[in-house]
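Participant: These are the residues of each chain, in order.
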Amino acid sequence: MFDKKLQVSLYRYNPEEDKFPYMKNYTINKPEKDIMVLDLLHLLKEEDQSISYRRSCREGVCGSDGMNINGKNGLACITPISSVVKRNKIELRPLPGLPVIRDLVVDMTEFYAQYEKIKPFLQNETTAPEQERLQSPEERDKLDGLYECILCACCSTSCPSFWWNPDKFVGPAALLQAYRFLADSRDLKTKERLEALSDPFSVYRCHGIMNCVSVCPKGLNPNKAIGEIKSMLHKNKKDIIVSDGV
Amino acid sequence: MKGSIIWNIQRYSSLIVLSYIFYVVTFVLRNELNFFSWSNFFLSFEIRFITTLVFLLIVTHAFIGLWTVGTDYLTNRTLGFLSKNLARRADFLRYVFFSAFCLLGFVYLTAIFYIIWL
Amino acid sequence: MNNIFTNNIKKIEFDALIIGGGGSGMRASLELAKSGLKTAVVSKVFPTRSHTVSAQGGITCAIASADPNDDWRWHMYDTVKGADFIGDQDAIEYLCSEGPKAVFELEHMGLPFSRFENGRIYQRPFGGQSKDFGKGGQAARTCAAADRTGHALLHTLYQNNVKEGANFLNEWFAVDLVKNSKDEVTGVIAFSIENGEVAYLKAQATVLATGGAGRIYASTTNALINTGDGLAMALRAGFPAQDMEMWQFHPTGIYGAGSLVTEGCRGEGGFLINKDGERFMERYAPNVKDLAGRDVVARSMVLEILEGRGCGENSDHIYLKLDHLGAEVLNSKLPGICELSKTFAHVDPIYEPIPVVPTCHYMMGGTPTNVSGQAFNRVDNQDYLIPGLFSAGEAACVSVHGANRLGGNSLLDLVVFGRATGKHIQGELKSGGGVESASKSDIDSSLERLNKLNESSEGFDPAEVKKELQECMQNYFGVFRRGEYMKKGLDKLNELREKVDNLHLKDKSDAFNTNRVEAIELQNLFEVAESTAISAYRRTESRGAHARDDYPDRDDDNWLCHSIYDPISKEVSKREVNFEPQKVEAFPPKIRTY
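Chains as they are written, first to last, in the numbering used here: chain E, 1 to 246; chain W, 247 to 364; chain Y, 365 to 958.
By construction, these hints were calculated from the structure, which means they are not laboratory data.
Quick caveat: nothing in here was measured; it's all calculated off a predicted structure.
Hints may contain errors.
[Unchecked claim] Below 35 Å or equal to it, Euclidean Cα-Cα: the simulated DSBU-like pairs (lysine-lysine) are:
#, chain 1, residue 1, chain 2, residue 2
1, Y, 398, E, 168
2, Y, 465, Y, 374
3, E, 4, Y, 870
4, E, 191, Y, 465
5, E, 72, Y, 706
Throw the hints in and build the complete structure from the sequences for me.
Facilitator: Now the structure itself:
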């Protein structure tokens with residue numbers, strides 16, 4: 001075979017040593033069988049132990065190893081190198097738009113803050129029955145495609161609106177969760193939830209760029225959820241304005 | 247202001263402007279166009295009123311768009327990607343940008359008003 | 365991070381400290397956050413990255429949804445039998461009878477369970493489940509949110525912790541317990557992974573909720589973070605571990621990758637076939653076939669492979685057949701499995717069987733505790749509670765799983781005992797309980813290990829030593845065990861002890877130094893592995909997950925008991941199993957067949 005070597009270009013930054021981040025090139029023997037990008041990182045780390053990245057479940061359900069792989073965000077552990085390598089090259093960078101702590105590790109404080117802002121928990125102050133609250137399979141079906149989010153931040157960090165205003169625009173991941181609770185037949189705070197999202201930034205900074213949809217490693221569609229929130233906001237406009245006292 | 251109101255203004259203004267353009271184009275296509283027919287068209291109070299309104303909407307529509315651009319790109323954070331000096335002046339730059347646009351919009355509307363009504 | 369002395373580290377005081385942000389840790393912290401006590405969860409990863417997230421099939425509990433006549437006593441019977449009769453029956457009784465309350469609470473918190481037409485929680489059949497004390501046929505008792513129950517559960521718990529304003533020290537790594545002169549636990553030494561800051565986290569109650577340590581084996585369904593940190597800390601502090609020889613090998617880990625394929629697949633009607641396409645479980649467990657206990661199925665699979673009926677080029681795996689269920693069932697009930705098997709086995713289960721192999725999955729043993737989560741020590745055949753130390757979840761051994769855990773019981777264990785531990789600590793601390801402070805030298809001695817690592821200028825490479833350790837455990841302490849092989853394994857472990865004590869940390873930087881974390885994790889793995897190896901060697905019988913070629917039969921005369929591993933003497937002693945449930949008659953041991 002011609003190409004037995006694989007070129008890996010890796011984003012490196014150690015705040016204690018480097019003034020600026022830089023790309024470092026590694027050449028490794030091309031693995032015999034197709035491996036995941038995370039396995040590739042393990043191989044590199046065996047060579048150079050100073051490489052730092054997050055990882056946990058290594059099967060795409062914990063959301064630790066979101067990173068930018070050849071220009072597109074994804075989870076390293078479920079991205080086979082065969083699907084991303086171009087001309088025997090692969091470039092790995094941290095998720096864009098968030099401060100880098102070291103190498104591929106980003107500071108996700110702003111991302112989590114937006115998640116907490118949308119009150120990501122069921123709100124129902126009626127006295128709970130002794131058993132479960134009933135929910136029909138049809139009502140439950142509405143949560144499919146929403147609750148599966150793993151908070152890997154691939155979507156939000158691929159969203160230009162989130163890059164520019166991560167403090168004001170809630171971002172696709174948290175908006176998906178906002179809708180997960182709006183859509184839950186057991187949640188009773190629909191009006192309050194909508195009110196909290198009614199400003200010009202929280203939802204309306206979404207311009208339908210759809211990067212979130214194209215990168216989501218779980219195949220979810222935050223853009224659709226945002227659309228649903230927008231229609232709810234429009235339908236409930238009157239109630240909200242009245243309750244605002246405007 | 248509520249995001250939904252701004253969102254609606256932007257969408258509806260564009261629809262109104264589009265129908266206005268459609269109406270004017272239909273007029274141009276259906277009639278023999280010369281100085282008199284054109285002047286006559288604009289002599290009607292309704293047309294002049296609607297034209298003024300449409301231009302007001304164009305400016306509003308543009309303002310919303312540019313306000314979005316300003317609050318996206320002319321911020322401490324976004325300019326910080328370029329340089330720290332620029333980032334420090336972000337609020338001032340945005341203010342200048344909005345003021346310049348407001349002034350331009352005002353001049354534009356005054357001119358329109360002058361042309362159409364005087 | 366060089367030369368850390370007690371004088372120059374920060375001391376942060378809490379009422380209660382929970383090490384581990386998985387299911388049990390967050391269930392305990394939820395209870396404590398509501399109580400107003402100053403509590404923090406110390407987690408080496410952001411809580412929703414914990415391994416609970418990988419649980420698939422569901423949470424087994426007699427909520428009487430699939431069958432309105434279901435009874436927690438039936439669930440108790442199954443669990444006692446599944447445990448091969450060395451589960452403590454008072455604890456199993458508590459688990460099964462409190463279970464429904466804990467599950468309904470989760471539903472009220474918002475967990476998106478799948479539903480039946482009548483709006484109640486969906487339940488599916490799992491292995492080892494029966495009605496009417498084994499006489500009424502297969503039961504369906506596992507409450508599920510599609511095949512992502514662990515994910516749904518973990519996120520729901522995190523969300524409710526956010527709601528109650530719980531404190532989190534995320535990406536902080538606990539290194540060692542701090543003990544005072546009276547052997548009471550007064551907190552931990554921990555450091556921030558993000559910036560290397562070391563702190564003494566002082567607490568009146570310390571809960572070890574650090575999960576399992578499946579990474580002692582080379583092939584495991586466990587996450588890379590499952591390194592038994594809490595259990596190892598307890599062992600290093602001189603506290604015992606119980607039933608460490610009991611490791612569950614899950615029948616269906618994806619061949620080559622180790623990812624878990626839920627037992628729910630077989631619950632929904634899938635079955636295992638050998639290379640001849642034969643449904644071989646009919647031979648080993650004629651009544652329930654593929655839904656026998658996990659230990660039984662795993663052993664049967666290994667026997668098939670050893671007898672040359674394995675699938676694939678090397679005849680080294682088994683096929684899990686699902687295609688006959690149809691695309692609709694697979695997409696609605698097992699969507700995550702379809703995704704996983706396409707990614708890791710390059711197989712679409714709608715058309716082809718999934719290649720699977722028994723894979724290390726769960727640690728039945730752990731720090732021994734009572735039903736309130738209080739850890740205890742064992743001195744002269746007596747239990748003594750350890751003031752200040754608690755444990756819950758997979759890290760603990762209550763023991764409800766005995767020699768073999770039933771599918772879906774782990775999630776129930778997490779929430780029931782996480783909750784019980786939280787409630788107990790709340791009561792104890794509010795009534796004035798607590799521990800005395802540790803002295804400077806006490807704290808210094810807990811810093812020793814970290815300092816040694818930070819000062820290392822030469823020694824062994826952690827990554828290499830880890831591989832050796834995992835290979836050793838895989839080869840000598842796997843599904844089938846034999847005395848002479850285990851002896852070899854023990855010798856190998858003795859060699860490795862030297863290496864593990866002298867690791868060389870090359871990267872000594874402070875910012876997100878994963879090298880330091882991995883070196884400490886390796887030392888933790890070793891403690892767990894050693895306790896496993898010694899306990900396995902000592903238990904001279906076959907029971908539940910512990911199967912020995914040289915002692916193929918269960919030996920109730922000598923071994924109807926827990927094993928207690930003492931980390932100081934490295935000896936194993938026996939502890940009697942509890943046969944005194946309060947609300948029902950005890951289930952006496954009998955021959956376990958499926």
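Participant: Would you mind marking each hint as holding or not holding in the structure?
Facilitator: Verification of the supplied hints:
For the proposed pair residue 398/Y and residue 168/E, the alpha carbon gap of about 30 Å is at most 35 Å, so the pair holds. At most 35 Å may separate the alpha-carbon atoms for a hinted pair to count; residue 465/Y and residue 374/Y exceed this at roughly 41 Å. At roughly 30 Å between alpha-carbon atoms, residue 4/E and residue 870/Y fall within 35 Å of each other, so this suggested pair holds. At roughly 30 Å between alpha-carbon atoms, residue 191/E and residue 465/Y fall within 35 Å of each other, so this suggested pair holds.
Taking the CA atoms of residue 72/E and residue 706/Y, the gap is near 21 Å; set against the 35 Å cutoff, the hint holds.
The structure shown violates just one earlier hint, number 2.
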